[in-house]
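K.L.:
Residues per chain, in single letters:
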Amino acid sequence: MSRESPYSRSLGKSLADTIKNSKVLMVGAGGIGCELLKNLALTGFGEIHIVDLDTVDLSNLNRQFLFNRSHIKKSKALVAKETASKFNPHVKMVAYHSNIKDTTLFDIDWFKSFKIVFNALDNLDARRYVNKMCMAAEVPLIESGTTGYNGQVQVICGTKTECYDCKPKATPKVYPVCTIRSTPSQIVHCVVWAKSFLFAQLFDQTEETSQFDESMDNVENNEEDLKTLKQEENELKSLRDSILDSNAAQLIFNKVFKTDIDRLLSMDTMWKTRTKPTALDYNILQESTKGISRNIINNDQKKWSLQECFVVFKDSLHRLQTRLKFDLNPADSLQTISFDKDDDDTLDFVVAASNIRSIIFSIETKSKFDTKQIAGNIIPAIATTNAIVAGICVLESFKVLKNDIEKARFVFLTPKHHDKVLTATKLQPPNPDCPVSSVARSTISMNTQIIQLRDLLQSLKTNFNYTDEICLISDGKLVYDIDFDDNLDRPVKDLGIADGTFLTVIDEAEDGDGKSFINLELYIKHNPAIGSPDSGLISSIKFSHIPIIPKRNSDNLNDDVIIAVNGDERNIVGSSKRKAPESTPELVESSKKLKLSEKEDKDGAIILDDDDEIISFD
Amino acid sequence: MPPSERDRKYDRQLRLWAGTGQAALEASHVALLNASATGCELMKNLILPGVGEFTIIDDSLVKPDDLKLNFFFNDESVGSPRSVIACKLLGELNQDTRGHALFQNPEVLINDVDFQWDKFSVVIITNISESSVRKLSNILWNKSIPLIYVYTVGFYGYLRVINREITIVDTHPESLVDLRLDQPWPELIDYTMSFDLDSLPILDYAHVPFVVLILKFIDQWKSAHNGLMPGTYEERTQFKQLINDARKASDLENFDEALASVWRISQKTTIPPDILAILNDPSIDNLNEESPDFWVLVKALKRFTEAPRNNGLLPLSGVLFDMKADTNNYIRLQTIYREKSLADVHFFTELLNELLLELNRPSSSISSEEIKLFCKNCRYLNVTRGSKLDSEFSSEGFRSAYELAAFSENHDPFYTYLALRVYSLFLDKNWYYSENGKQITSRDDVELKNLFKSIITPFPTVPAVEKVFSEIIRTGSGEFHNICSFMGGIGAQEILKLLTWQYIPLNNTIIYDGIFGTTKTWKL
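Protein chains in written order, with the UniProt record's numbering: chain X, 1 to 618; chain L, 1 to 524.
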């Protein structure tokens, strides 16, 4: 039975043919992805590639209809392809259970092979990455996201429109180290402590937690405080070695809920304006919890009492210990368990520990259900919103395929506004200060193992008439500027300038009017066949083309409009400070928060990055 | 499935409508008349989140053409009853949902006086003659069962909710915060008075909650202004100045918060007009033993506001947002708001129990959870009353809609509505079109225009309507999966509101124009 180009009449023959001959990429096979794959297949797209790193989880099944219970723990991309193919065997589908950021699998030429890319992702990092790759590969991108009942679809088309990064995005919340470690005032501080400090230190040695910036200039942190924090951390680390001991629960409990609290209490200045915490004692609590059943873990709506938290603390620790013992492989001493909101052993431990800490600091506790939302950065999600958003994605893609970019729209789904449901706004031109869209681009081919930074620099000067006043940034790291020439004799690969990466050239020279050239963004291709030391290294560096680099127009900086990053699971963590009163309009408020978090970041903060489970102390 | 596993499966939606919404959804039974693509997409979005039961009523067989449009039919299903196939394949999406297939003609069923519609919580009807929709809408109206009428043609989508009445307590407003800065109660006043701003060390000074600051400065203002609040814009500007002059340092966030909240004091705490209308609704006049809980609660609420001690105010929500304050003071303030709210709930419960006694109902017949939820949300209650199809679908209704459109701009989706109404009348006259899968052609353009003429005389030229006609003809009145899927999302969203009794539902028509990518809603 043929399902091919079923809509030649309604779409018009030429568009229907274009669709049939189009090869498209869908990044993400989750909530929006399942709907989108169905729509793309039934619309008649000829070839669909699907990339997703994730596996199916029970909590996906309320909306991701291409999966069922038998698919749990299997690759989303592969299962989605398998299920959707059954319903429409005539579409060619290719699935990858991989990270879209894997440059060996997905290089720029691969991106270039698609007519359109659809983003159906759930995190900021991957969205920004695909946006950047699409900009470099000059492929139109349909970007989408949902949060509960709300959603949005943005059409991004090279230099004609704003790109994903043209408007600043709300960044993940950050917390000052001392708030988390010494002076929590909200439940979220305690959850972050339990998940990213206590649990991570005890069970997840892969987390990088030891980076301290001694130059923190927060008024409340003197050197002594920092030393104390460091000492506490080292004591906790030493408890890792006893994690399998039968008295581990007592050791850990008394360390973090007694000794550390007593130490905090001894710092009088800290409690002048704050309520003092109350240290707890394992043996005393132990006495008072007789007869409390561990079954309390099944009541996720109740706020557990201190005694109930104590029981769950011991019980979950015991379960985690058992897992470590069971997994123990003598050859591998690095046993780890990562926090996962859907892994009840880890969740119970975090719920119990964060609530015990809340009680110590007179903070209102939370149920397991609510703690899970905070710890797991959970975004509510339902089938209906995804269906609506996926439908819009496909309709917008028609305008792109017909080259009707003027008709394409940035669509917001806001069903709470009863009179409108959808709001469609015209696409804006790129933000001239956007580091992704407002750059000149080229691709550079060279033997990255042989070419030294000195050669590359010379080639850039020759080809682009740069002066000495340039600065080179590879993957966010400075590799060269006029005052930093340490790397000149090193092969560029050692500096991170490797195949599939981007190198940014910033021209720091200004002309008479105080204007400089916009940045040049170079995509790096490693070619081992070229450039032997004999045959002239510099001439072996090839540019795909030499773009004209216009001057920067840096008058219009930073308008304060910030849009929410829908569907980004990292943005739900409660605010780093009590929220501003509601009087300020939403947009202003979010920009205020952004500035605030930036400030705190500089002051020394915990940066939470849920995707990578990393805390870093800046 | 064990309860905890079910909670994990539905975790992401429980965060939208909580256990109460989920339980209501699971107790529901939804009927679909016609297993069209739009209908199946819509059912998918109800089955995934766990609607209790569904019944698919359809007497046609799967045709090859159906496969182009409907994801839930595959090659093997051609020739089998659509009801059975749809029931089976949709049912596979969620093992906790029970599906039934009824191999029967929906039109015949609507005319069957013995058919029991009462078991359904909501009925969905798609791609059927307008006369049948009208007939069914009247049957269901009398039984107070909501009906959803939805279809798509080309790039257009149409959805109409026919629902007699729904009363909603939990409308999920943006915020439940109610500060009452203009009406502080004794405990709040005492707490405010306990602060002596001048003697506080700067660190404490910087942590005085802004609510206290505002109340202090209001007090100061009043004593200088004959006990009056700052009323005009000018006075509020002066009031801001007063606050600003008092601050001991420039970087005091609590003062910033106070300044940003000055607008709040200009909003007098009263009963919002919508709620006043509900309190004066005739539904509370003749309550009896059988009356719905909602109206019993409303009557108690009315008595609450009339009680002299409450000064015409509603119960306090007790919700406070975060503000710059040290933990101690914040918790103290939170407690003051919460205790006031609990006291209100307590008094409300007393009044309610008296009322229940009058109605011969036991005092426990409305749970304390329901009472708390009601009091917390009482500023945002919603009563939505729908309208019947008869008047809208009459020539008279069409004419008044047309007059409404005359004031609209050229691309207004209301013209699309008018065109779709005519298209619907056309199909009713030429029902063989859909029955035989016959496509509409350019020859039918004349009849569409004639139909329009026959209702609106003298015949005007309405380019926006004619454009929709030609678009319908261009697409051969065919359906398009993507639009079906979109409308399936919109329709299911509305049904979820009705089934969970949460959020404010659409009342009562939505038009989607997939060419311009716009939607618009009206009450018709």
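Do not take every clue at face value.
As the list claims (entries may be wrong) - For lysine-lysine, the following DSS-like pairs were computed, each having C-alpha atoms within a straight-line distance of at most 25 Å:
id	chain 1	residue 1	chain 2	residue 2
1	X	K13	L	K520
2	X	K420	X	K13
3	X	K399	L	K467
4	L	K63	X	K86
5	L	K88	X	K86
6	L	K520	X	K416
7	X	K20	X	K399
8	X	K426	L	K388
9	L	K523	X	K416
10	X	K420	L	K388
Unchecked claim - Which stretches of chain L does chain X cover? Using the computed rule of at least three CB atoms under 8 Å from a CB of chain X, they are:
id	region
11	13-26
12	77-85
13	472-484
Bear in mind the hints are in silico, worked out from the structure with no lab data behind them. Ideal Cβ placement from N, Cα and C applies to all residues, glycine included.
K.L.:
Is K13(X) close enough to K520(L), meaning Cα to Cα at most 25 Å?
P.N.:
violated (30 Å)
K.L.:
Taken at face value, is the distance from the CA of K13(X) to the CA of K420(X) at most 25 Å?
P.N.:
Given pair K420(X), K13(X) is violated - Cα atoms ~32 Å apart, limit 25 Å.
K.L.:
Given the hinted pair K63(L) and K86(X), is their Cα-Cα distance within 25 Å?
P.N.:
holds (18 Å)
K.L.:
Quickly compare the C-alpha distance for K523(L) and K416(X) to 25 Å and report which way the hint goes.
P.N.:
holds (16 Å)
K.L.:
Does K388(L) sit within 25 Å of K426(X), going by the straight-line distance between their CA atoms?
P.N.:
Not OK: K426(X) and K388(L) at ~38 Å, beyond 25 Å, violated.
K.L.:
Tell me whether the statement that chain X covers the region 13-26 of chain L is true, taking a Cβ distance below 8 Å and needing three residues at minimum.
P.N.:
holds (count 5)
K.L.:
Quick check: do three or more residues in the region 472-484 of chain L have a beta carbon closer than 8 Å to a beta carbon of chain X?
P.N.:
That given contact holds, which follows from 8 residues of the region 472-484 of chain L lying within Cβ reach (below 8 Å) of chain X.
K.L.:
How does the coverage statement for the region 77-85 of chain L fare against chain X, requiring three or more residues with Cβ below 8 Å from a Cβ of that chain?
P.N.:
violated (count 1)
K.L.:
Hinted pair, alpha-carbon criterion (25 Å max): K420(X), K388(L). Please report holds or violated.
P.N.:
holds (22 Å)
K.L.:
Given the hint that K520(L) pairs with K416(X), does the C-alpha gap stay at or below 25 Å?
P.N.:
holds (13 Å)
K.L.:
Mind checking the alpha carbons of K88(L) and K86(X) for me, to see if they're no more than 25 Å apart?
P.N.:
Holds, because 15 Å separates the two Cα atoms, which is no more than 25 Å.
K.L.:
Are the Cα atoms of K20(X) and K399(X) separated by 25 Å or less?
P.N.:
holds (15 Å)
Consistency note: the structure conflicts with the earlier hints numbered 1, 2, 8 and 12.
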